[in-house]
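Starting from the structure of chain A, add chains B, C, D and E with the ligands where the hints point.
Chains as they are written, first to last, in my numbering: chain A, 1 to 268; chain B, 269 to 536; chain C, 537 to 843; chain D, 844 to 1130; chain E, 1131 to 1409.
Keep in mind the hints are simulated off the structure, nothing from the lab.
Some clues are possibly wrong.
In the SDA-like style, the derived pairs of lysine to any residue whose C-alpha atoms are separated by at most 25 Å in a straight line are [what the hints assert, rightly or not]: (1) D:K924 - C:A777; (2) D:K846 - B:Q363; (3) E:K1398 - A:E187; (4) B:K388 - E:L1322; (5) A:K42 - A:E187; (6) B:K336 - E:K1398; (7) D:K924 - C:G779; (8) B:K310 - B:V347; (9) A:K142 - D:K846; (10) A:K141 - A:E83; (11) A:K141 - B:V347; (12) B:K336 - B:Q363; (13) A:K120 - D:K924.
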Amino acid sequence: MTAAQANETAAPVISAKGLNLTFQTNDGPVHALKDVNLEINKGDFVSFIGPSGCGKTTFLRVMADLEKPTAGSITVNGVSPEEARKTRAYGYVFQHAGLYPWRTIGGNIRLPLEIMGYTKSDQDERVKRVLDLVELSGFEKKFPWQLSGGMQQRASIARALAFDADILLMDEPFGALDEIVRDHLNEQLLQLWARTNKTIGFVTHSIPEAVYLSTRIVVMSPRPGRITDVIESTLPRERPLDIRDTPEFLEIAHRVREGLRAGHAYDD
Amino acid sequence: MTAAQANETAAPVISAKGLNLTFQTNDGPVHALKDVNLEINKGDFVSFIGPSGCGKTTFLRVMADLEKPTAGSITVNGVSPEEARKTRAYGYVFQHAGLYPWRTIGGNIRLPLEIMGYTKSDQDERVKRVLDLVELSGFEKKFPWQLSGGMQQRASIARALAFDADILLMDEPFGALDEIVRDHLNEQLLQLWARTNKTIGFVTHSIPEAVYLSTRIVVMSPRPGRITDVIESTLPRERPLDIRDTPEFLEIAHRVREGLRAGHAYDD
Amino acid sequence: ADQVTLQLKWVTQAQFAGYYVALDKGFYAEEGLDVTIKPGGPDIAPAQVIAGGGADVVLDWMPSALASREKGLALVNIAQPFKSSGMMLTCRKDAGVASPADFKGKTLGVWFFGNEYPFLSWMSKLGYSTEGGADGVTVLKQGFNVDPILQGQAACVSTMTYNEYWQIIDAGLSPDDLVVFKYEDQGVATLEDGMYVLEDNLKDPAFVEKMVKFVRASMKGWKWAEENPDDAAMIVLDNDASGAQTEAHQKRMMGEVAKLTAGSNGALDPADYERTVASLLSGGSDPVISKAPEGAWTHMITDKALN
Amino acid sequence: MRKSFLPVLTVVAAIFVLWYAMAVVLNAAWAKDQAKRAGVELSFSELVADTWAQDKPKLPAPHQVAAEIWETTVEKKITSKRSLVFHSGITLSSTLLGFVLGTVLGIGLAVGIVYNRVMDMSVMPWVIASQTIPILAIAPMIIVVLNAVGISGLLPKAIISMYLSFFPVVVGMVKGLRSPDMMQLDQMRTWNATASQQFWKLRLPSSMPYLFASLKIAMAASLVGAIVGELPTGAVAGLGARLLAGSYYGQTIQIWSALIMAAALAACLVAIIGLIQRVTLKRMGMA
Amino acid sequence: MGWIVFGVIAWALGWGLNVWLSRLPRSRATGLAVPVVFGITLLLIWESIVRGFGISPVLLPAPSAIAGRFVASTGILWEDFVQTVLKGALSGYVFGCGAAFLTAVVVDRFPFLRRGLLPVGNFVAALPIIGMAPILVMWFGFDWQSKAAVVVVMVFFPMLVNTVEGLQATDAMQRDLMRTYASGYWTTLRKLRLPAAMPFIFNGLKIATTLALIGAIVAEFFGSPIRGMGFRISTSVGQLALDLVWAEIVVAAIVGSAFYGGVALLEKAVTFWHPSQRG
Ligand SMILES: Nc1ncnc2c1ncn2[C@@H]1O[C@H](COP(=O)(O)OP(=O)(O)OP(=O)(O)O)[C@@H](O)[C@H]1O
Ligand SMILES: Nc1ncnc2c1ncn2[C@@H]1O[C@H](COP(=O)(O)OP(=O)(O)OP(=O)(O)O)[C@@H](O)[C@H]1O
Ligand SMILES: Cc1ncc(C[n+]2csc(CCO)c2C)c(N)n1
Ligand SMILES: [Mg+2]
Ligand SMILES: [Mg+2]
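For reference, chain A alone in the conformation it holds in the complex:
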């Protein structure tokens, strides 16, 4: 296991070179991504942070083949994003939980499994396992609107974990939650990441969140979205919540804030 793991880390999971993306809109072209270069390795936890509208979501969508770059190249596991998508390499978590109101929590988690043609017994087993993982066992039969926002968000993460995607892309998954709940989910996410060794791409607006979670923090500038800074975290993999009060943490947070502020025009 560890040998294979080390082997895989050699080739980057995601590798973007000179990525550009321009949207054609009624008001003229919008240059969302400009000359983006980035490599993400197996097992990385990479956060993307930047002012609103800078292209974080767009970048994540390009990785997941939800958007085609207008220039540059990107490979995922050595192949194109489209091929990677067809091999179901992605678990994607959106900002809003986006659970289907007409399906129970269990049914929601089962949905991608049904689509991917897992057997019934395999489905059951997996649903049970991920529900355990996000501590929602017992809520399988409930409907989404019977759960709090935090629980819904956990269910939506469980849904992305239910099948064996080795890349997890999360677009501001905790944006709508209050700070306490958010702290708690952050902790759980870290544990989960440690346990599964997935590669995670994570968009956030919160500096502490980015610093707390990531092995690398990618700071982006306002439109046209460029990568202005990539900060390697010096924090250990094991991170209690208290770590946020250490000078090391504050130092990294400060660097991120400076990076952000440099690119921010204040007239949003």
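Chains B, C, D and E with the ligands alone, transformed into the frame defined by chain A:
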């Protein structure tokens, strides 16, 4: 001016005694506020913080006569909230900007002025002034949906400032904004408060925000909403953004977090 | 058995008693015919139905049939059970109408949908414009009932001796309140309720044979109905799917209808035909038909059927 | 529900009062006319009594209509041609057939519009234009023409119903099938779902609330189609035929009872859909 | 046979052209061209079916015949248009929608009335009101007044229900805002609730356009002066002048589309701010 001001500080602007509020719902009664006692003085900047659903909004609404308490008493400027409302004592800013889409930014800000019967020239003058204040000059003729979320929120603050309400009630006005924009608006709000000496009631989910802005922080517990802690800020009135890295700031933030965590159940 | 579909001109009522009697009493069956009777209605054009192949034989008024013939739909009259016309214009005395001369400036209710031709030729004979004004008459498209005269919206309405006239009476106006102008009396009568088929079909001997049987059985029905009016009315009533007809009204209608069919053995009287054509041709600037039709009737069927 | 009980009752009561009053106003002229002819003078109470008891009133009083409905529903055998239940049944069958046809056509078109770009761009304007054709006015012709091509009986009426009822279904279903937001569609994409999986697992379930809202309108429209389709078919049978026959013989009471019956039928049908809607959406967790 | 082949070719060409057009980037031109091509294709197919199968003009005239009749009968068509649309439909529409609007404002003022009238209104809006046509013709006579009355009855309830719903459409926050301004009933109505109700009101107005035209035309079946679109349609069917019938239908379709389009344009102008209109 300062003499009069000193005079006014003597009597509390808002004084709540033994406030209780129970909503009758289909699922039975919901006890939203329980035994709430609070005095707010002229010129105070009071933040309310607490877990989701604890009654922060409800308390603010009671102050503004948008909700009637089921027990206890509350006075505003020595009279009932209803009378205070009729004398147009409140500027209220909701979480969502809530601008009328069929009116331009200028028209939205003008709305309360029209209703309160200001003269046309007075209206023009005030609209111009508050647009300047929130740095939106030049956007008067735009429609709300043509502006970013942060700009809309600023417009909605401008609307609440356009007339001479001496109490400003703000319900998570910056909840939907990204951190950088939020920092910036926090700074501006503080400056505005310093300039106008308004009394401000402010609901937030963010601990740093509460600590950074307030003279007093009211921590509330989950349902039934009670006040569990009132923390007087020892920070000076003059607050650069850097103040957030001082030990004094972190100390207050820590106290708030502890207060919050004490009341939080962690199960959602 | 041979299938025959008959399209009526109007809803099931004693006006069509002969056919229902023939059906009910088994006269058609005796001839080896399996007859389907399709009731008509306010907006069913029999000519259109036969053109679309929805019926083998239709009942129509001759003006409408001749007009259709001019439009290129070759209808041929094969039998004429109704000898005289039942059409009249019924007026209120209190509207100031005593003679046709009083029509000027009045509002008259008229049936359209191909039933307007007799009225139009009468008016052109009188020299009245139908466009309103002091020198003409204002025409209303009369709906399904006689309301316009009851409510004073029209001075006169179109009625049939056997039907609408009695509805006016039933509604509470007495014969003394009314003046009636029968088309027969005004010399503008046209032939009503003849049997028409498509000219092309008559080239087929089998079809001709079928029609011979049909006409024979139908006329037998008519004569039976004339002799047993009350029973005939009850047969009609049994066949009314809408359940809206009343016994009293149908019996009275049968009595009046019998007067109109009495003079006919089923064969068209060429003199009646000529009179109808003359009346239709005389329509001034806008006659119903522009030239005398050729081959619009035949005795081929009745000759065989009635001998 | 309970909260609106009293207000609704009040409004309905007000309607009845108004109805009786209108009956007096509208029928008085005839009553006076008759009295004058008979040479008698009517007192006010006699006048009122007369206006509420005429044979062919301009506006029959509610109790007259009620009596007629009672007579033609309860006191007649259902198989009798004079039974309103019999006629309602006939109208109901073509309404339902037309409704089913319209729903199928509507959903089919909506699916085409949502999944096929050419249809999306070309069909919708014509669907809207189709509804500006006064189908009701040409219903008789349609029936005759359909007869000509061998379609007769229930179907021609049902086709008119279908023509009226498919429209709300198309409009509602296009909206409904498009109601999943971009995010949900993208999610399906990340799972590499096929078009049919996307349809059955996402688009169709999300469209349910829209579907039911449209079905209610479609059902009402379908009934109108069936009634109007019956008007010209020779007053054979059905509520439309009753309406026509009543009109033909000036039987206002019969017209009104057919009308009320049609109204009750419409209300029942719409209520049934409402019920199905409530049950389905509840089971889907969407109510 | 030749005509049938022509029809098949027309269909293939039209479809192919549209497939090609729809692949082009979406623009106003293609958005217009595609449905037009679709419509022309339909007409060509219709024409070739009528000619190819030799369908009797008494049953279904060819588009070319209809066009010919349309051009030849503009006088009649105009006279009918004035009678049915301008006098009957339009006056009934204006009066019915206006009355419904005013009623809605009154009803909205009194929650009791609203709670009572809304279910009843919803109920009536779903009824086959068109069945009232013979009665209204009996009450209001033969001329356009009775047609207008039918239209009034048909449009009233859909409009009422939509307007009442629209007046309720403000969210609690917007109303609370007005409350903090201590704004009175009429001010709130004018500044908040009426503008917010506009999308609903226009929804009602749009539904009412089609109802108005149908109502006016169908009512003419139960009696009319000797002009009007409904009169002409029924009379011409009786005279087997099917080309004239279809010419009237074309007029109705054009008028209906224009009426609907006009209201939709007005809606776009008035509710430019609504997300559905920003597009
Ligand atoms: N489909 C699209 N069409 C046109 N412009 C788009 C589209 N999607 C995004 N954009 C524009 O591209 C830019 C980048 O958008 P993106 O959503 O990636 O920003 P973001 O960094 O995720 O912002 P936020 O923090 O607000 O989510 C924005 O200016 C946005 O308006
Ligand atoms: N109109 C109402 N009817 C019934 N219950 C209500 C109503 N308004 C609020 N509540 C309930 O009262 C409680 C307090 O609500 P409130 O909105 O004041 O919470 P909050 O502290 O503002 O929460 P959040 O941070 O999510 O905005 C909640 O449980 C809520 O569900
Ligand atoms: C719309 C309408 N068109 C024609 C007639 C006339 N009509 C044709 S056959 C027939 C038999 C008599 O009862 C009558 C009256 C009508 N009444 N209503
Ligand atoms: Mg984003
Ligand atoms: Mg709140």
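Inset, instruction - Quickly compare the C-alpha distance for K1398 (chain E) and E187 (chain A) to 25 Å and report which way the hint goes. - result: violated, 50 Å
Legend entry - K336 (chain B) paired with K1398 (chain E) [C-alpha distance capped at 25 Å]: Violated: K336 (chain B) and K1398 (chain E) sit about 41 Å apart, past 25 Å.
Inset, instruction - Compare the distance between the alpha carbons of K846 (chain D) and Q363 (chain B) with 25 Å, and conclude whether the hinted pair is satisfied. - result: Not OK: K846 (chain D) and Q363 (chain B) at ~32 Å, beyond 25 Å, violated.
Legend entry - Given hint G779 (chain C) paired with K924 (chain D) - CA-CA distance at most 25 Å: holds, 5 Å
Legend entry - Proposed proximity, A777 (chain C) with K924 (chain D) (alpha carbon, max 25 Å): holds, 6 Å
Legend entry - Pair hint outcome, K388 (chain B) versus L1322 (chain E) [Cα-Cα no greater than 25 Å]: holds, 20 Å
Legend entry - Pair hint outcome, K142 (chain A) versus K846 (chain D) [Cα-Cα no greater than 25 Å]: Distance ~31 Å between K142 (chain A) and K846 (chain D) Cα, so the pair is violated.
Legend entry - 25 Å limit on alpha-carbon distance, applied to hinted pair K120 (chain A) and K924 (chain D): violated, 57 Å
Inset, instruction - Compare the distance between the alpha carbons of K42 (chain A) and E187 (chain A) with 25 Å, and conclude whether the hinted pair is satisfied. - result: holds, 21 Å
Inset, instruction - Measure nothing beyond the straight line between the CA atoms of K336 (chain B) and Q363 (chain B); if it is 25 Å or shorter, mark the hint as holding. - result: holds, 21 Å
Inset, instruction - Mind checking the alpha carbons of K141 (chain A) and E83 (chain A) for me, to see if they're no more than 25 Å apart? - result: The hint is violated at about 35 Å.
Legend entry - Pairwise hint evaluation, V347 (chain B) against K310 (chain B), where the allowed Cα distance is 25 Å at most: Satisfied, since the Cα-Cα distance of roughly 15 Å is no more than 25 Å.
Violation of the numbered hints given earlier is confined to hints 2, 3, 6, 9, 10, 11, 13; the remaining hints are satisfied by the structure.
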